[in-house]
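Peer 1: Sequence:
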Amino acid sequence: MKFTDDQIADIGENIIRVLKTVYDPEIPVDIYELGLVYDVQISDDGDVKIIMTLTTPNCPVAETLPQEVKDKVAEVEHVNSVDLELTFEPSWNKDMMSEEAKFELGML
Numbered sequence: 001m002k003f004t005d006d007q008i009a010d011i012g013e014n015i016i017r018v019l020k021t022v023y024d025p026e027i028p029v030d031i032y033e034l035g036l037v038y039d040v041q042i043s044d045d046g047d048v049k050i051i052m053t054l055t056t057p058n059c060p061v062a063e064t065l066p067q068e069v070k071d072k073v074a075e076v077e078h079v080n081s082v083d084l085e086l087t088f089e090p091s092w093n094k095d096m097m098s099e100e101a102k103f104e105l106g107m108l
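Take 1 as the starting number for the sequence shown in UniProt numbering and just add one per residue.
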């Protein structure tokens, strides 16, 4: 079954909603607002590719956080498969955080 652009947009919104439930253990802000998710691609078959990073390559959750993201996104309705690519290019920095995240952390 092929999804329409509107359906893909809905799936994308649901994926973002789920990403906002995943938190970096060291910072009380979700990974989406932190800017750790670089890209979410959704095919018209419901195959999802997520490109994300961690705050540091030695992040204590380097093993578990990407798996948590993959598992949660896989539960989103109409998601067929999830391919997660972890990258450290470009390296994450504080400028990638949303205004909301910066406010939350008292940086504004």
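Among the clues, some could well be false.
Using 30 Å as the maximum straight-line C-alpha spacing, the simulated BS3-like pairs for lysine-lysine come out as follows [stated by the list, open to error]:
no. : residue 1 : residue 2
1   : Lys72     : Lys49
2   : Lys70     : Lys2
3   : Lys102    : Lys72
4   : Lys20     : Lys49
5   : Lys49     : Lys102
6   : Lys102    : Lys20
7   : Lys20     : Lys70
8   : Lys20     : Lys94
9   : Lys72     : Lys2
10  : Lys94     : Lys70
11  : Lys20     : Lys72
12  : Lys102    : Lys70
13  : Lys94     : Lys72
14  : Lys94     : Lys49
15  : Lys70     : Lys49
16  : Lys2      : Lys20
FYI, nobody ran anything at the bench for these hints, they're computed from the structure.
Note that this is a predicted model, so its numbers are computed, not measured.
Peer 1: Against this structure, judge whether each hint is valid.
Peer 2: Going down the list of hints, with the structure as the test:
| no. | hint | verdict |
| --- | --- | --- |
| 1 | Lys72 - Lys49 | holds, 13 Å |
| 2 | Lys70 - Lys2 | holds, 22 Å |
| 3 | Lys102 - Lys72 | holds, 25 Å |
| 4 | Lys20 - Lys49 | holds, 17 Å |
| 5 | Lys49 - Lys102 | holds, 27 Å |
| 6 | Lys102 - Lys20 | holds, 15 Å |
| 7 | Lys20 - Lys70 | holds, 13 Å |
| 8 | Lys20 - Lys94 | holds, 18 Å |
| 9 | Lys72 - Lys2 | holds, 22 Å |
| 10 | Lys94 - Lys70 | holds, 24 Å |
| 11 | Lys20 - Lys72 | holds, 11 Å |
| 12 | Lys102 - Lys70 | holds, 26 Å |
| 13 | Lys94 - Lys72 | holds, 25 Å |
| 14 | Lys94 - Lys49 | holds, 24 Å |
| 15 | Lys70 - Lys49 | holds, 10 Å |
| 16 | Lys2 - Lys20 | holds, 27 Å |
In terms of the numbered hints stated before, the structure departs from none.
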